[in-house]
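Residue numbers (this note's numbering), protein chains in the order written: chain A, 1 to 306; chain B, 1 to 288.
Treat the hints with care, since some could be wrong.
Within a straight-line C-alpha distance of at most 30 angstroms, the following computed BS3-like cross-link-like pairs (lysine-lysine) qualify [to be verified]:
hint, chain 1, residue 1, chain 2, residue 2
1, A, K192, B, K161
2, A, K264, B, K64
3, A, K293, B, K161
Some chain A residues judged to face chain B by a derived CB distance under 10 angstroms, without partners named [unchecked claim]:
hint, residue
4, N35
5, I45
6, L68
7, V100
8, A107
9, A119
10, R134
11, V147
12, L245
13, I258
14, T282
These aren't lab readings, by the way, just hints derived from the structure by calculation.
Heads up, the beta-carbon is just placed ideally off N, CA and C, and yes, glycines get one too.
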Amino acid sequence: MAVLAPASRPAAPVPRRKRQARLLSDRRTRFGLLNAAPVVLYLLILFVYPIFSTLMLSLKDQAGGFTLHWYADAFRGANLEILLTTLRISAETSLISLVVGFVLASAICRLKPLWAGLAMLVVVVPHFISALVRTYGWIILLGDNGVVNNALTDSRFPGAPFQLLYNEIGVVIGTTAVMLPYTVLLLYAVMKGIDRRLLAAAASMGAGKITIFRRVYVPLVAPGLVNAGVLCFILCLGYYLTPALMGGEKQTMVASLIDEQVMKQNQWNGASALGIILLLFTFAGLILLRLLKSAGEAYRNRGTAS
Amino acid sequence: MIELRATLAGRIALAVLSTLILLFLAMPIIVIVVTSFGKDAFGSFPPEAWTLGWYEQLFADGSKWPAALSLSVLVASLTTVFSLVLGITAATALVRSDLPLRSAVYGLVLAPLVIPQVVIALGLFLLFEPAAMLGSPIAIAFGHTVLASPIAVMILMATLKGIDERLEDAAASMGASRLTVWRRITFPLAAPGMIAAAIFSFITSFDEFFISQFLSSVDTVTLPVQVFNVLQYNVDPSVTAVSAILIAVAVVALALVVAVRRLGGPGKQAGLLPTESAVSLPAGSETR
Numbered sequence: 001m002a003v004l005a006p007a008s009r010p011a012a013p014v015p016r017r018k019r020q021a022r023l024l025s026d027r028r029t030r031f032g033l034l035n036a037a038p039v040v041l042y043l044l045i046l047f048v049y050p051i052f053s054t055l056m057l058s059l060k061d062q063a064g065g066f067t068l069h070w071y072a073d074a075f076r077g078a079n080l081e082i083l084l085t086t087l088r089i090s091a092e093t094s095l096i097s098l099v100v101g102f103v104l105a106s107a108i109c110r111l112k113p114l115w116a117g118l119a120m121l122v123v124v125v126p127h128f129i130s131a132l133v134r135t136y137g138w139i140i141l142l143g144d145n146g147v148v149n150n151a152l153t154d155s156r157f158p159g160a161p162f163q164l165l166y167n168e169i170g171v172v173i174g175t176t177a178v179m180l181p182y183t184v185l186l187l188y189a190v191m192k193g194i195d196r197r198l199l200a201a202a203a204s205m206g207a208g209k210i211t212i213f214r215r216v217y218v219p220l221v222a223p224g225l226v227n228a229g230v231l232c233f234i235l236c237l238g239y240y241l242t243p244a245l246m247g248g249e250k251q252t253m254v255a256s257l258i259d260e261q262v263m264k265q266n267q268w269n270g271a272s273a274l275g276i277i278l279l280l281f282t283f284a285g286l287i288l289l290r291l292l293k294s295a296g297e298a299y300r301n302r303g304t305a306s
Numbered sequence: 001m002i003e004l005r006a007t008l009a010g011r012i013a014l015a016v017l018s019t020l021i022l023l024f025l026a027m028p029i030i031v032i033v034v035t036s037f038g039k040d041a042f043g044s045f046p047p048e049a050w051t052l053g054w055y056e057q058l059f060a061d062g063s064k065w066p067a068a069l070s071l072s073v074l075v076a077s078l079t080t081v082f083s084l085v086l087g088i089t090a091a092t093a094l095v096r097s098d099l100p101l102r103s104a105v106y107g108l109v110l111a112p113l114v115i116p117q118v119v120i121a122l123g124l125f126l127l128f129e130p131a132a133m134l135g136s137p138i139a140i141a142f143g144h145t146v147l148a149s150p151i152a153v154m155i156l157m158a159t160l161k162g163i164d165e166r167l168e169d170a171a172a173s174m175g176a177s178r179l180t181v182w183r184r185i186t187f188p189l190a191a192p193g194m195i196a197a198a199i200f201s202f203i204t205s206f207d208e209f210f211i212s213q214f215l216s217s218v219d220t221v222t223l224p225v226q227v228f229n230v231l232q233y234n235v236d237p238s239v240t241a242v243s244a245i246l247i248a249v250a251v252v253a254l255a256l257v258v259a260v261r262r263l264g265g266p267g268k269q270a271g272l273l274p275t276e277s278a279v280s281l282p283a284g285s286e287t288r
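Generate the whole structure from the sequences, applying the supplied hints.
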């Protein structure tokens, strides 16, 4: 079992090609390949291949020939509107989740461990409860005779009761509630990692509170904000449950459109094209994230070099 | 943030604001649980009279809920088994071996978490429809495993990283075979992490909607799909009771995870929040 001994692993970096050649004959490599095989095969068959066949279907016309008709269709008329609605609602939701998440995460950072733990529990537990159930909770809360409207009418709030369901307000409230735990967790992790001495240093140099916040704190949290914002946006793009249950006709999102095309119209090619568009948006988001990340790193490195 | 500590008024404002946000997160859940015991399902809150009627109605004759519940439990159990097998082997490969293209494999494993679920569901339908497997619990479980296995892999990777590899090396140097090392050393140390991975796989499947929606047939419907159908087409107050049950399952499962972590062992290192690493995925999947 010499292969298990740490000494058999290269201690110093060996040129890549040479190392790979050596690795392939290594028992640890064969062991790894053997163990990685099930999950790789599984995902190739049940994840990669299905997405690939979706792509193929989106490029076929009724006779089986190649066409871009379904993509052109997706960017026309009512479908284009739904696409734009999806982008708009995702943007609104991510923006609100970011702001609200920023406030909550920074508040939790200041709490004593016990209270911070309890607050995190309130963030985490809902996250593991079915989004469907939480959406239903919002439907009960926001209905015309729901808890919120009753409370507002009882306290003679001007203009109450409000229409809070089956419109964009409802969708954004419900979707934000689903996305918020993600942003809070991400931002909390970033904020916890910030070196408080940097803030103290800025203060000792005579910077005011607002200046410290703007010039030191926000730049330090910025990578987390970008990460959380883009991820929230991506997750919203394909989100279905809350908009489908809490939205009206004007809040139809792409996922609902796909569902409708498949379940009601049996329109598989069009649905596939929409799915692939959704996928491309997601990739664009992930690539953007990566570009921003490397740009940020380059910027910081330049800062330390000068 | 000592330096930013604002005036008393500022601190009170922050405290009030964050309490409101926490309430915003908790309210829908509280409302469901309370309403499920209320006599008038959509009436005043808190209810004026209490009842267990909605729960009894779930099991009344002709109710579709028991069938949906048992299908969901069956599918979730199958998913748990599948994703544990995939999770254990994949985590071993990623943590305990020299795997070529390691980061590509890691990226592939985590990708299902950021790909829109509707796309995965659509693709799976295209795969299972020609095979006439729609409505089959196995097909639905196969689909759920695509979503559950990344979470299992992440938890088990954290678990394996927390186990001192020298313990395994020591056993091996005493002449234990690879299998014996795994059975006598690695497995007992990794057990808490495995239980956590199993629980999270189970909840993931139990709550999953979109894949079930696409892969179910008219008479095989999972619990979330049934809830969705009822919410969309007709209002049935017993849905509050089902929802409360779903909440209870999630809370019990999370409590179990916490308890297992308390038991100690390297399972402690396994994240309670697999999503924390899931959402930072783009940082970890650089090489794709």
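Quick rundown of the hints versus the structure:
1. K192(A) to K161(B): 23 angstroms, holds
2. K264(A) to K64(B): Status holds; Cα separation ~23 angstroms.
3. K293(A) to K161(B): With Cα atoms ~27 angstroms apart, K293(A) and K161(B) stay inside 30 angstroms; holds.
4. N35: 4 angstroms, holds
5. I45: Holds, about 8 angstroms.
6. L68: 19 angstroms, violated
7. V100: Cβ of V100(A) sits 6 angstroms from chain B, so the hint holds.
8. A107: Nearest chain B Cβ about 4 angstroms off; hint holds.
9. A119: 6 angstroms, holds
10. R134: 5 angstroms, holds
11. V147: Result: holds, 5 angstroms to nearest chain B Cβ.
12. L245: L245(A) check passes; min Cβ-Cβ to chain B is 6 angstroms, inside 10 angstroms.
13. I258: For I258(A), the interface hint holds, since the closest Cβ of chain B sits about 5 angstroms away, which is under 10 angstroms.
14. T282: 6 angstroms, holds
Checked against the numbered hints above, the structure breaks only hint 6 and satisfies the rest.
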